[in-house]
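Protein chains: 2
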Amino acid sequence: MSAIQIYDTTLRDGTQGEGVAFSVEDKIKITRRLDRMGFHYVEGGWPGSNPKDLEFFRQIRNERFRQAKVAAFGSTRKAGRPADQDANLLAILESGVCTATIFGKSWDFHVYRALGTTLEENLAMVADSVAFLKSRGLEVLFDAEHFFDGYRANPQYAMAVLRAAQDAGADMVVLCDTNGGTLPTELKEIVTYVREALEVPLGIHAHNDGGLAAANSILAVEAGCIQVQGTINGYGERCGNVDLCTVIPNLVFKKRLACIPEENLVYLTDLSRYVSELANKSPESRQPFVGTSAFAHKGGIHVNALLKDRQTYEHIPPESVGNKRRVLVSELSGLSNLVYKYRELNLGPERDSAEYRRILNELKDLEHQGFQFEGAEGSFELLMRKAYNGYQKPFRLETMRILTELRDEGHVYSEAIIKLRVNDEIVHTAAEGNGPVNALDAALRKALEEFYPVIRNMRLHDYKVRVLNEKEGTGAVVRVLIETGDGRKSWGTVGVSSNIIEASWQALADSFAYGILKLKENGAPDAQAP
Amino acid sequence: MSAIQIYDTTLRDGTQGEGVAFSVEDKIKITRRLDRMGFHYVEGGWPGSNPKDLEFFRQIRNERFRQAKVAAFGSTRKAGRPADQDANLLAILESGVCTATIFGKSWDFHVYRALGTTLEENLAMVADSVAFLKSRGLEVLFDAEHFFDGYRANPQYAMAVLRAAQDAGADMVVLCDTNGGTLPTELKEIVTYVREALEVPLGIHAHNDGGLAAANSILAVEAGCIQVQGTINGYGERCGNVDLCTVIPNLVFKKRLACIPEENLVYLTDLSRYVSELANKSPESRQPFVGTSAFAHKGGIHVNALLKDRQTYEHIPPESVGNKRRVLVSELSGLSNLVYKYRELNLGPERDSAEYRRILNELKDLEHQGFQFEGAEGSFELLMRKAYNGYQKPFRLETMRILTELRDEGHVYSEAIIKLRVNDEIVHTAAEGNGPVNALDAALRKALEEFYPVIRNMRLHDYKVRVLNEKEGTGAVVRVLIETGDGRKSWGTVGVSSNIIEASWQALADSFAYGILKLKENGAPDAQAP
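One line per chain: the protein sequences are A and B, in this order.
Start counting the first sequence at 1; every next residue gets the next number (our numbering).
Start counting the second sequence at 1001; every next residue gets the next number (our numbering).
Simulated from the structure, these hints should not be mistaken for lab results.
Where a beta carbon is used, it is the ideal one built from N, C-alpha and C, also for glycine.
Hints may contain errors.
Distance condition first, Cα-Cα at most 25 Å in a straight line; then the derived DMTMM-like pairs of lysine to aspartate or glutamate [what the hints assert, rightly or not]:
1) B/K1254 x B/D1167
2) A/K364 x B/E1055
3) A/K281 x B/D1365
4) A/K134 x A/E186
5) A/K393 x B/E1405
6) A/K281 x A/E377
7) B/K1393 x B/E1449
8) B/K1464 x A/E377
9) A/K464 x B/D1462
10) A/K255 x B/E1189
11) B/K1324 x B/E1262
12) A/K308 x B/E1121
13) A/K255 x B/E1222
14) A/K52 x B/E1449
Just some of the chain B residues that point at chain A, by a computed CB distance under 10 Å [stated by the list, open to error]:
15) N1062
16) H1146
17) E1189
18) G1236
19) V1247
20) N1304
21) R1421
22) V1422
23) E1425
24) V1427
25) G1435
26) Y1463
27) S1498
28) I1500
When you get a sec, could you build the whole thing from the sequences and use the hints?
Following this line, the structure appears as structure tokens:
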């Protein structure tokens, strides 16, 4: 048994976050992935609350996991009704899990206002519900909702609720900072008190409304909690639950506690991005440890020092969490940043050459026009190659015409006609699409495929548009960022124009040109995630 | 003098964040705004490092501020060169500020590796630089870079650096967790030790690489720091600096410390979004206190309790920081959420009516198709009105044709031809644009203006596209979110289609329809930000 257990509630509390939803299939995939990472518990859902969660438990019932226990969530029995007739508790039993996590009120105000019952009945609800599930052979975790608010308001009652759960046989009592507003020092003092007063093992469940969830979870562990509940990427109601992608590396690398096996942490960045993909949420670039900016260096002094020693501006090595170092080029960056980028490519003029200064100025001009290379390493590399040794794309657009039409029958139709010069040949072709960019993409593929069959493997992964000078309305300059992949790696490209089709063309053309360049260069597959 | 000073470095350290850049004009606007909020210091830039920052100090030199002191940033003198001949220190003097913040090394490893000088020379660099600026009459703050890493590695030397600054006359010594990896308990212990060992006032400068910057700043204040350095929205190198929008409300509302006047905090959300606009960064929805999701409730149980009492699931009232409560409707939400939304509109069927159930199912069907109403309250309200009392938009598209063409001379051109039914009249018109959506927007405005002159005030503020089923490449279903404003308020609308033009049409049509509806309803101006 690890010293500290990780309990994931992405599939339940996480889905209460704005814009987060998972299909049953997504939930199953995430459960398997968390198990392979070495998570101790995966809370799959609330079987009593919706049919999707019931279906999840039905499908997962016969799977064997290496380590993770799948838990079902639910509330204590309703007031004035016996536990063995409570639909919500019966749904937990029917879900077939071995672990139940039930939440109950520990703040007297909530008992009155939200439940509308008496303090005595609430204690009985906690005790009966725990005892009932224990009598049916389940492991039972009791989530004490609003525990810290409750303790502040009425410590005797809050403690009585915990004791009711403990005495009824709960395997663990989890202290929840449900509204997320408790400060670190106070939280640690309260956990320390509870740890001394009770025998039952304790867990912590923190929300991030004060921006303090990670610190609160770590301090709770210092005060004696042996389980941390949270979600991948901190998804959850309002500001979210504590982000396990932040807590886990702090516990493992900083506090040197046994928790998730250290060797599995190289998959943490992958895990974070995988879950954000399935949640259809853009990853947060500044997310600690796993964000794309987490090890991105922009200041010239920082990059200069990093060239001498990585430790100068990195608290841990990025590879230890499967992330990577990035050096940004911008108006703030000195030549060091550009030198770093050329070194990565094994390319470029000698250090201190006037060439670097010229290239840097060219870049700054483009950034001034609205190009942004920080999310478009594909376009940036093409540009560096062009600036250094006159690289040219293997094709050039001569003319294009794109038509989008809503016909009387209500069907919208797009068509692209392009004339392309490829290796000194002219290709004149046309294609339909269910949108103008799709039609353009189709026509371009059609024209290029006979010359470069490799592009059949390339897929557009994401297509983003950002209005730059917003006051101009729909006439504004737009920046299109395209993310393309070939199943093994992916790359970003950028286009900028006041015409969205032209900006899309630039980004599309770069994406194919970069893909063709890279597929020629190397073909070795990357390491697979667990 | 306040008990705790707020020192903002958005304009300097903030711009080291990925994708963050400000024009000189932006910097001046932000400085004025921070001053009106009651910030104590605004670090404007590093005059010795780039011409933009020099220009900022030149332009701001003669402005009078209510409270904020404008500070210039720079490094200690270079090794082996006298302070009064150091270009960087002279640039600070020339900038005309009364406050200088200079940073120096306090980690022995950095002295060797990054500076390549001796420990003794570094102490002299700190002492000379502080003494030189003091001798010219400036207030001098000394930022001890990497102090916590330095203290862990060589506490005697780290303390010697602080003493050198103190003894040379520094007005404040700021303890920097530059790499952002220090844990809360250790940080508090170190600050407590320093507080006892030195006489000079102390500040804290925390980075968020461990996700702990807010907690670390608060604990440092508890241990005796009287200044918190940070940035608006936590912009900054890698994972960013501490977010002052998180720290300030914690200090004011939770710790009840004098800091920013409490009555100014109602402008905090506005300030956060204003700075993100100027930085051209999307606001982070889950940002504590000021994010759009910070008081967004999705779970049915939460909303049900909120209808009874706001305190049940909110740690502070959203209005106290100028934010607002939002209730989300999704597959997780019960009828309570929908009832809440109708109540906001003073509309809708009686509670418990079967009508609600029907409307909820309709919404869930649309969400299943890819519509997302969480960021599109305009479209959502139109839909609620349609579901409840058969609301119809005041216009309907009969046909459209949009052409985008790259002609031989390299100019890209777009044209839209639309046939629109407005109040039973047919309007058949055409317009050009510098992109297809702009052409469509122009044609639609042209057709509607004669019927609804109010739309002349409406402007598109933002236009976002998201690919939903990414594996389909450019043929994927896209969701277009449009943000429109009329100078007083703004609203979001949504369109979903595999054709980007059609999705844009839906969102555009909703944006005009909603604007027409609201301008008819009320005309009272909103409260102005300070």
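Verification of the supplied hints:
1. B/K1254 x B/D1167: Violated. B/K1254 to B/D1167 sits at ~36 Å, over the 25 Å cutoff.
2. A/K364 x B/E1055: holds, 18 Å
3. A/K281 x B/D1365: Distance of about 20 Å is within 25 Å: holds.
4. A/K134 x A/E186: violated, 33 Å
5. A/K393 x B/E1405: Given that 25 Å is the threshold and the Cα spacing comes to 22 Å, the pair holds.
6. A/K281 x A/E377: holds, 21 Å
7. B/K1393 x B/E1449: The hint holds at about 15 Å.
8. B/K1464 x A/E377: holds, 21 Å
9. A/K464 x B/D1462: Distance of about 13 Å is within 25 Å: holds.
10. A/K255 x B/E1189: holds, 16 Å
11. B/K1324 x B/E1262: holds, 17 Å
12. A/K308 x B/E1121: holds, 20 Å
13. A/K255 x B/E1222: holds, 23 Å
14. A/K52 x B/E1449: Violated: A/K52 and B/E1449 sit about 47 Å apart, past 25 Å.
15. N1062: B/N1062 check fails; min Cβ-Cβ to chain A is 26 Å, beyond 10 Å.
16. H1146: holds, 8 Å
17. E1189: At 12 Å from the nearest chain A Cβ, B/E1189 fails the 10 Å test, so the hint is violated.
18. G1236: Given a least distance of 9 Å, the restraint on B/G1236 holds.
19. V1247: Check passed: Cβ of B/V1247 comes within 8 Å of chain A, closer than 10 Å.
20. N1304: holds, 8 Å
21. R1421: This hint is violated: B/R1421 lies away from chain A, its Cβ roughly 13 Å from the closest one there, beyond 10 Å.
22. V1422: violated, 17 Å
23. E1425: violated, 18 Å
24. V1427: violated, 15 Å
25. G1435: This hint holds: B/G1435 lies near chain A, its Cβ roughly 4 Å from the closest one there, short of 10 Å.
26. Y1463: holds, 5 Å
27. S1498: holds, 4 Å
28. I1500: holds, 5 Å
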